[in-house]
Amino acid sequence: DQQVKQNSPSLSVQEGRISILNCDYTNSMFDYFLWYKKYPAEGPTFLISISSIKDKNEDGRFTVFLNKSAKHLSLHIVPSQPGDSAVYFCAATGDSSYKLIFGSGTRLLVRP
Amino acid sequence: GAGVSQTPSNKVTEKGKYVELRCDPISGHTALYWYRQSLGQGPEFLIYFQGTGAADDSGLPNDRFFAVRPEGSVSTLKIQRTERGDSAVYLCASSIGQGFGGQFFGPGTRLTVL
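Here the protein sequences come in this chain order: E and X.
No gaps in the numbering here: position 16 of the first sequence is 16 in this note's numbering, and each next residue is one more.
No gaps in the numbering here: position 108 of the second sequence is 108 in this note's numbering, and each next residue is one more.
It cannot be assumed that every hint is accurate.
What the hints assert, rightly or not - Taking lysine-lysine and the DSS-like style, the derived pairs with C-alpha atoms no more than 30 Å apart in a straight line are: (1) Lys78/X <-> Lys37/E; (2) Lys5/E <-> Lys54/E; (3) Lys11/X <-> Lys37/E; (4) Lys99/E <-> Lys78/X; (5) Lys17/X <-> Lys37/E; (6) Lys56/E <-> Lys71/E; (7) Lys56/E <-> Lys99/E.
What the hints assert, rightly or not - Simulated coverage check for chain X against chain E, where a stretch passes if three residues somewhere in it have a Cβ under 8 Å from a Cβ of chain E: (8) 62-74; (9) 102-111.
By construction, these hints were calculated from the structure, which means they are not laboratory data.
Note that CB positions come from ideal geometry on N, CA and C, so glycine has one too.
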């Protein structure tokens with residue numbers, strides 16, 4: 001049973017517009033959430049994270065929102081750029097902070 | 001390059017053979033992790049080393065899989081009697097301590113079992 005779900009396998013957005021990537025989780029013990037970005041033939045790269053004590057974290061063009069009651073988080077990219085085209089993974093962790101539980105990823109394409 | 005390196009980048013083997021996958025973590029990183037990413041899925045945790053010892057190997061799928069880190073730096077993931085279902089990208093990550101956001105991933109080894 002998948003504990004972290006990314007239900008949209010792909011997303012296409014026009015350059016300059018907002019990209020919204022969604023993630024749902026089932027385990028209420030998760031207390032830290034992360035987004036990773038992955039280019040082909042490279043390993044995942046950490047992008048942004050959020051603790052369960054917050055509902056929003058912002059870093060430049062990237063903002064992550066956490067809705068604990070809905071067990072849902074989202075990543076907003078504004079404005080989107082062609083270089084943002086990659087696969088984005090949502091991950092979560094709980095008591096064992098080293099063990100990341102990943103979603104299946106969303107492939108983002110930003111069209112010029 | 002100061003990043004995590006993995007060798008080989010690609011490995012093709014036949015069913016039943018033995019393979020070794022190597023990971024060179026970032027210098028000074030005491031924690032090392034192995035993940036496996038199957039097609040269309042996210043990375044799946046396999047094992048975590050703190051120093052030389054495997055602190056958590058609960059993600060290893062069965063006893064055909066084994067990993068070592070004898071000197072607390074380089075790690076080798078060993079797979080015996082490979083099966084077609086073992087085909088995946090094997091990712092290694094390292095961090096300074098036990099830290100999630102600080103996990104730096106290597107490019108992975110793509111293993112294909114024919």
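Outcome of the hint check:
1. Lys78/X <-> Lys37/E: Distance ~28 Å between Lys78/X and Lys37/E Cα, so the pair holds.
2. Lys5/E <-> Lys54/E: Roughly 21 Å separates the two Cα atoms, so the pair holds.
3. Lys11/X <-> Lys37/E: Holds, at roughly 24 Å.
4. Lys99/E <-> Lys78/X: Roughly 20 Å between the alpha carbons, so the hint for Lys99/E and Lys78/X holds.
5. Lys17/X <-> Lys37/E: This hinted pair is violated, its Cα atoms lying about 33 Å apart.
6. Lys56/E <-> Lys71/E: holds, 14 Å
7. Lys56/E <-> Lys99/E: Within the cut-off at roughly 23 Å; holds.
8. 62-74: violated (count 0)
9. 102-111: Three-residue rule met by the segment 102-111 of chain X, so holds; n is 7.
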